[in-house]
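One line per chain: the protein sequences are A and B, in this order. Count along the first sequence starting at 1, add 2, and that's the number in the working numbering. Count along the second sequence starting at 1, add 5, and that's the number in the working numbering.
The set of hints was computed from the structure by calculation and includes no laboratory data. Built from N, CA and C at the ideal position, the CB exists for glycine as well. All clues stand as given, with none of them false.
Over 10 Å on every C-beta distance to chain B, these chain A residues come out as not near it, computed from the model: (1) HIS44; (2) VAL45; (3) GLY46; (4) ASP62; (5) ARG66; (6) ASN68; (7) GLU69; (8) ARG77; (9) ILE81; (10) LYS89.
The calculated DSS-like cross-link candidates involving lysine-lysine, where the alpha carbons are at most 30 Å apart (straight line), are: (11) B/LYS300 <-> B/LYS113; (12) B/LYS286 <-> B/LYS300; (13) B/LYS170 <-> A/LYS89; (14) A/LYS37 <-> B/LYS46.
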Amino acid sequence: MTETNPGAASAKDNSGSTGSTRGEWPLYEVFVRGKRGLNHVHVGSLHAADDQMAVHHARDVYTRRNEGVSIWVVRASDITASSPDEKDPMFAPSGDKVYRHPTFYDIPSDVPHM
Amino acid sequence: MTTQVNDNRFDEAQLQEQFDATIEAKDRIEPRDWMPEAYRKTLIRQVAQHAHSEIIGMQPEGNWISRAPSLRRKAILLAKVQDEAGHGLYLYSAAETLGATRNELTEKLVAGKQKYSSIFNYPTLSYTDVGTIGWLVDGAAICNQVPLCRTSFGPYGRAMIRVCKEESFHQRQGYELLMTMMRGTETQREMVQESVNRFWWPALMMFGPPDDNSPNTEQSMAWGIKTHTNDELRQKFVDMSVPQAEALGVTFPDENLKWNEERGHYDFSTPNWDEFWAVVKGDGPCNAQRLAHRKRAWDEGAWVREAALAFAENQNAEAAETTPAADESTTAEEAAK
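Just need the whole structure built from these sequences, with the hints factored in.
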């Protein structure tokens, strides 16, 4: 499994009008729900000629050992991602708001259920 | 949202059997599963009411943002009200997985066809109420929401998990605010007690009517939507709150509130259910004001929603004109410039 970057894949795939270089199947990102009640989680990617094939390939590539009960596939070129920089200033606004965390408040330890 | 791979091999009786088996196993129903129409309707009603409560719930506290006593309190209150908006959005998203649309739900709210929690029809008369709401109202909400993390409909449960993680800050900031006031002047202590007196009974009513007058409870529990009755949760909340009140140095306005050794719970008086039903039916102190405010925000925001769509259409049209010339070797970094 390769660690893919949807943002980079998106920019590249968008260069062709159908989202793929001629002769190359488009890239799909795969999301698997491990069991009922859990979110679908990104597990990796694969190439397929169309959506149906992507679902079948995802089953074969990512759920051979009962890893999932539901699969979503989405063309990598359809994903819009934030910048790949993990120190992105986009996330800075939440960095200095310590008061959003419950531990910011001193409550005596003998007050129950708090 | 997604393309169905399976064909319709099952008739309705088989589908009902599968649904029942999933509920029986305490497993979760997910959006693409078949579900009885009544289950879907009940959930849309409950999740929408919950979402509306978060959104309307921004008003009583939002009332005090501009008059916070310090920058610290103002930052905290802003963050809290912002969280309530976020909670509403998580819940509307969950309702949308059931086939409801966001616009339809909002229209029903502003038309008075869907309800929200009655607690938000009471006014906030002083900044002290911000503390009391955090402690008692959010405390009651936590009591109600923790079991809902295990509700039978997957998206609702997952929304509740996110909400519960964030509620802890809400309750603690409220209790801390009240503790600070209790260390202040005699007048400040009196303000805390007065505020607690006003919110205690409405907070108890948040759990809904008593079990013998709650027609939907039995079916909701059979479907695994609810896992505890209204009275069970109310008792749990009373038992949790009494020691917190003692630590804070306030009392609750109920002379029958006392520990019952035999039951292992606190006894307490019956809330005034006539008042509860009157508020539910629209006769609370602030019902008209809350709905009018929401409707005004919705109506006055219409041009913003339309303008954003028009802008997106223009952007797409422009992009369509310029794309054919794009170079295949373009990297993500270059594209970003």
